[in-house]
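So the chains spell out like this:
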Amino acid sequence: MKLHKKFAAATAAVVAAALLFTGCGSPAPSSDSGGSGTDAAQVVIDSMFDVKTIDPGREYEPAGQILVKALYDTLVTFADEDTTTIIPDLASFEQNDELTEFTFTLADGRVFSDGNPVTADDVVFSLQRLQGMKGNPSFLLDGVTISKVDDKTVKLTTADPAPALLATLATPSLGIVNSKVVQENGGTTGEDDGAEQFLNTTSAGSGPYVLESLDIASGATLVKNTKYNGPQSPTYDKVIVRKVEPATQKMNVERGDSQIAMDLSGDMVESLAEGVSLESVPSATVVFLLANTDPSVNATTAKPEFVKAVKAAINYEALLEIAGKGAAQATGLVPSVFLGALPASDALKYDPEAAKAAVAAAGAEGAKITLNFPNDIDPTGLNLTTLAERVQSQLAEVGITVDLAPAPFATEVDAYREGKEELGLWYWNPDYMDPANYLAFGPGQTVGLRANWQESANTKIADLVKKGYTTGDPAARKALFEEWGKAMIEESPFIPLLQPGSNVAYQPSVTNVLYNPVWLINVAGLGAA
Amino acid sequence: MPEQIAEPPALSPTGGQGRRSHAALLRYIGKRLVIACILLVGMTIVTFSLTNLVPGDPVAAALGQRAADDPAIVARFRAEYGLDKPLLEQYWAYLVRLSHFDLGTSWQTHNAVAADLAKAVPATMEIALSAIVCAALVGLTFGMWSAYRRGKVTDQVLRLVSLVGISVPTFWMAIVCFYIFYYRLGIAPGSGRLTPGLSPPPHVTGMYTFDALLAGDLRTFVDAAAHLALPTMVLTLYTIGLLTRFSRTSFLEVLDQGYIQAAKAKGLPGRKVFFKYVLRAAAIPILTVVGLAFGSLLSGTVLVESIFGWPGLGSYAYNAASKLDLLAVMGVGLFVGLVYLMINLAVDLAYGFIDPRVRVG
Chain W
0 MKLHKKFAAA TAAVVAAALL FTGCGSPAPS SDSGGSGTDA AQVVIDSMFD
50 VKTIDPGREY EPAGQILVKA LYDTLVTFAD EDTTTIIPDL ASFEQNDELT
100 EFTFTLADGR VFSDGNPVTA DDVVFSLQRL QGMKGNPSFL LDGVTISKVD
150 DKTVKLTTAD PAPALLATLA TPSLGIVNSK VVQENGGTTG EDDGAEQFLN
200 TTSAGSGPYV LESLDIASGA TLVKNTKYNG PQSPTYDKVI VRKVEPATQK
250 MNVERGDSQI AMDLSGDMVE SLAEGVSLES VPSATVVFLL ANTDPSVNAT
300 TAKPEFVKAV KAAINYEALL EIAGKGAAQA TGLVPSVFLG ALPASDALKY
350 DPEAAKAAVA AAGAEGAKIT LNFPNDIDPT GLNLTTLAER VQSQLAEVGI
400 TVDLAPAPFA TEVDAYREGK EELGLWYWNP DYMDPANYLA FGPGQTVGLR
450 ANWQESANTK IADLVKKGYT TGDPAARKAL FEEWGKAMIE ESPFIPLLQP
500 GSNVAYQPSV TNVLYNPVWL INVAGLGAA
Chain G
0 MPEQIAEPPA LSPTGGQGRR SHAALLRYIG KRLVIACILL VGMTIVTFSL
50 TNLVPGDPVA AALGQRAADD PAIVARFRAE YGLDKPLLEQ YWAYLVRLSH
100 FDLGTSWQTH NAVAADLAKA VPATMEIALS AIVCAALVGL TFGMWSAYRR
150 GKVTDQVLRL VSLVGISVPT FWMAIVCFYI FYYRLGIAPG SGRLTPGLSP
200 PPHVTGMYTF DALLAGDLRT FVDAAAHLAL PTMVLTLYTI GLLTRFSRTS
250 FLEVLDQGYI QAAKAKGLPG RKVFFKYVLR AAAIPILTVV GLAFGSLLSG
300 TVLVESIFGW PGLGSYAYNA ASKLDLLAVM GVGLFVGLVY LMINLAVDLA
350 YGFIDPRVRV G
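Read top to bottom, the protein sequences are chains W and G.
With numbering that gives the first Met the number 0, the residue at position 317 of the first sequence is 316, and numbering never jumps.
With numbering that gives the first Met the number 0, the residue at position 86 of the second sequence is 85, and numbering never jumps.
Mixed in with the good hints, there may be bad ones.
[Unchecked claim] Here are the simulated DSS-like pairs of lysine-lysine, each with C-alpha atoms no more than 30 Å apart in a straight line:
hint, chain 1, residue 1, chain 2, residue 2
1, G, K84, W, K223
2, G, K265, G, K275
3, W, K223, W, K237
4, W, K419, G, K84
Note that these hints are calculated values from the structure, not bench results.
Since the structure is predicted, the reported quantities are computational estimates derived from the model, not experimental observations.
With the sequences and hints as input, model every part of the structure.
What follows is the structure, encoded as structure tokens:
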């Protein structure tokens, strides 16, 4: 009995000590959360932080774009509130009528964060480095020759007209680096470049912020560039971007522990606490189905009647319910923010009777078709598994039997790229702010070939694609993209489903939170209430 | 009380028996070390072949959609990481690098895998250490208490508590705790290892609480400890359940032994019976379970880490695996294997000290 009492006392002491240690007994208030008021000292942004590198010539992930955009200026850019008009940043520009020669004149007085002026040599080095390193963004400048005219002038030339080149130059990856600093730290314009490690610890740009620290596993801290003398006027002294899962992001922003949450899904924002603001717009991501046109992959999906049946069998409005806030039906393959996007009246329409007729015409009753999709990736918060299940049930209603075949992205992407999927559910993000991105869906093009859609299969659309890449006049371009878009709706093996919403939740203490399809958010443009 | 101070004869450093015992112990340690080395080589084979058997092309996962369509870029990537060579050659190159403690470069983070691990491991180690210490203290006490009160109300209550502890999924517990203590009550800090804006203490161990103390930075220490509290508590709950149940069984087994009954019947004081006989006999299986529990905490707790935004080994392993970052996956695999190897070695060696039969046999 005595022993028991001693045991009890000892246990109580141990438990108390353990609880104290684990913090149960001592509440830990979060300090410095900066939840309210007009604190312009720092802004905390929670993101999935899929960053691999912030070397601009190599960087190609969404969260990386946020950082690189703040650290490096580009020759030209877009205003925060207007994603269609290109404006000068480091340089003013001129182009010839054929759109094969682009001349950039550097603005006077712009300097890097070490105080040295931005010169034509820096521009030539930065862009040639991006081309020569053969990294993820190298393709952006395929076929472009870069040459220095004088200390203030750089000329870019292409063999074919390049109407999308200016928009491409606004992509953060094409940021201009301080060539002296980068070269001193192993930088070259070839595959032997060794400056990446350096650029992941020290930024060498002329942007409104400089890098204080980067830890790929947890986040990055940027501080104001005191030497910055460009057109922007950043509000916050410090910008902290943290790696946080979406569910935790929501709690953090609601409690004011962070000021901005980048990756809330449409579902999550439906239950957002009062007092949290929301920027909710359709993203520039297009989610689509592809039907393989190669009879040896699947004889049924290769029939045009089958594709027609699928197009009419999908209840597009019902799909939006699962996509949540901000989502919209994709009226075509070009998302609504771009020139040449189709009006709602041209979008595919749900027509079960027509679908059933087309199923009969295709002889698709009873045929089993496999639908492949990546199940571990949620383009802007949209769960592809839920979407695939809904598509499966909608197709079943018109007599098309679909087997779902989910797989992790890393394993499924191979079959997708090699054109082996019968039906595929995928998505496409813009690489730069121009509808020419989406010409990749054309016959014989990158995405077209994933449905084994050869150039010879539709020479009319293939022709429009060629013109789309080279037509410069804005009015002609708009008309051309609309013609191409309508033809794709009618004749392509792709079924555009929806544009998921892009939902940025933020504390009202932060203002001017605007979503950009390429760099997501411009931290230098954020204001304080 | 001289009987408490007296060393057990087997551990005596003097006398012929002690020397023989030392030799036996050294032989035992040597044998364990050799086995450990063989296991290490085996582990490299297993991790290498498993990661290379995975379907899917790492190039597709590592490169952007457009870059992967450019044969020149793909070729450069394959050459850079040696993926263009035959598998055996790749394995040999891996072993050669490994002999220089080079685990290769991660193609997700573009850092040396060893450097990534050096950052991730201390973060996980910090949670694992605090969780295992708390769990061992509480779990073993509960186990003992439960065993001594066998069948009584205390026993029933503790068994129920431990059952709940091991039955509730840890990630669910993490979400609930985060929601209650951080979101609703506001008594725990948010995710991450430190409040945003606070700089980490100068790197010594990589464990922020220790490093802050070493630097004499009390503010950072309090902040780091507060961030550590909730994840530790969540992981502790499961481990307490595990240890309570296991140590209860161990103690009960020993308590039922004839020699314990005899010692009690002879009138030895309860404390003496417990510390001298029961604890020592029950220690071996308990030690094994504590070691394995520590190993499992150290090898990364993916979901808990992701909920608390804790940049530890679990998050690193998950990211690496989902992006087919083979060298990073192999690095984590080897590290986790090594952890278990060392824990098993330590436990084996501890057996040798505790139980003379082990080293002689």
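Exercise. Okay, which hints does this one fail, numbers in order?
Worked result: Hint check: 1 fails alone, others pass.
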